[in-house]
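Participant: Top line first, the protein sequences correspond to chains B and W.
To convert, note that position 32 of the first sequence is 32 in the numbering used here; the numbers rise steadily by one, no gaps.
To convert, note that position 108 of the second sequence is 1108 in the numbering used here; the numbers rise steadily by one, no gaps.
Hints should not be assumed to be uniformly reliable.
What the hints assert, rightly or not - Straight-line alpha carbon distances no greater than 27 Å define the calculated DSS-like cross-link-like pairs of lysine-lysine that follow:
{"hint": "1", "chain 1": "W", "residue 1": "K1069", "chain 2": "W", "residue 2": "K1049"}
{"hint": "2", "chain 1": "B", "residue 1": "K44", "chain 2": "W", "residue 2": "K1049"}
{"hint": "3", "chain 1": "W", "residue 1": "K1069", "chain 2": "B", "residue 2": "K44"}
{"hint": "4", "chain 1": "B", "residue 1": "K57", "chain 2": "B", "residue 2": "K14"}
{"hint": "5", "chain 1": "W", "residue 1": "K1069", "chain 2": "W", "residue 2": "K1058"}
{"hint": "6", "chain 1": "B", "residue 1": "K9", "chain 2": "B", "residue 2": "K57"}
No lab work stands behind these hints, which were simulated from the structure alone.
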Amino acid sequence: NAGVTQTPKFRILKIGQSMTLQCAQDMNHNYMYWYRQDPGMGLKLIYYSVGAGITDKGEVPNGYNVSRSTTEDFPLRLELAAPSQTSVYFCASRGQTNTGELFFGEGSRLTVL
Amino acid sequence: AQSVTQLDSQVPVFEEAPVELRCNYSSSVSVYLFWYVQYPNQGLQLLLKYLSGSTLVKGINGFEAEFNKSQTSFHLRKPSVHISDTAEYFCAVSSGGSYIPTFGRGTSLIVHP
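Same shape as in the complex, but just chain B (with noise of 0.2 Å):
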């Protein structure tokens, strides 16, 4: 099982480029989210999205968009990136109820230089 897949793992940008983080999970999971993850600041969420077509705001949205045109597919775009967009980003996924766990992808380091 591929579970959640995140591309790419890795990415360096010069400040002001343009970049889409991918994730894609194969588990028919309504629910997806967006976190970044900054040392000792735990998970951040930026957006979520409870179903195809459906994405809210989390806490940190400033800097970032994202799309749900399927139920499979998140992506978050990072427009005219800012060193304080450097972090890891993690997508995850969770079934339709409340009580279930959610499941990560294996996160996405990106530098802005």
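Chain B is fixed; fit chain W onto it per the hints.
Facilitator: Quick look at chain W alone, frame taken from chain B:
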């Protein structure tokens, strides 16, 4: 609103010693509680979860946690740790009808030989 506090950012311990990682939560409604583990350069994976029933929950790799409603705690324990348990541990809570879990800042467990 829901929140999670992990009281220790780092817990050093010697191999074969017992360990307890502390987690307190706040919520005005019923809660579902989770512990996740993150090994170096990997995503998070579920260790165990409490949904209802017995307050003592057993998880993978010999870990267990006890739900204490009066103290609003969900501490994680292992009677004898191994070097391979060195990782970051996250406590998370989902409450009521929320489909957005809240994560603690994480506790780094460092097992010394």
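Participant: Determine for every hint whether it applies to the structure shown.
Facilitator: Status of the hints after comparison with the structure:
Simply put, K1069/W and K1049/W have alpha-carbon atoms about 15 Å apart, close enough for the 27 Å limit, and the pair holds. Pair hint K44/B plus K1049/W holds up; C-alpha atoms about 21 Å apart against a cutoff of 27 Å. At most 27 Å may separate the alpha-carbon atoms for a hinted pair to count; K1069/W and K44/B meet this at roughly 26 Å. The straight-line distance between the Cα atoms of K57/B and K14/B is roughly 25 Å, inside the 27 Å bound, and the hint therefore holds.
Simply put, K1069/W and K1058/W have alpha-carbon atoms about 17 Å apart, close enough for the 27 Å limit, and the pair holds. Restraint check for K9/B and K57/B: the C-alpha separation of about 24 Å stays at or below 27 Å, so the hint holds.
In this structure, none of the earlier numbered hints is contradicted; all agree with it.
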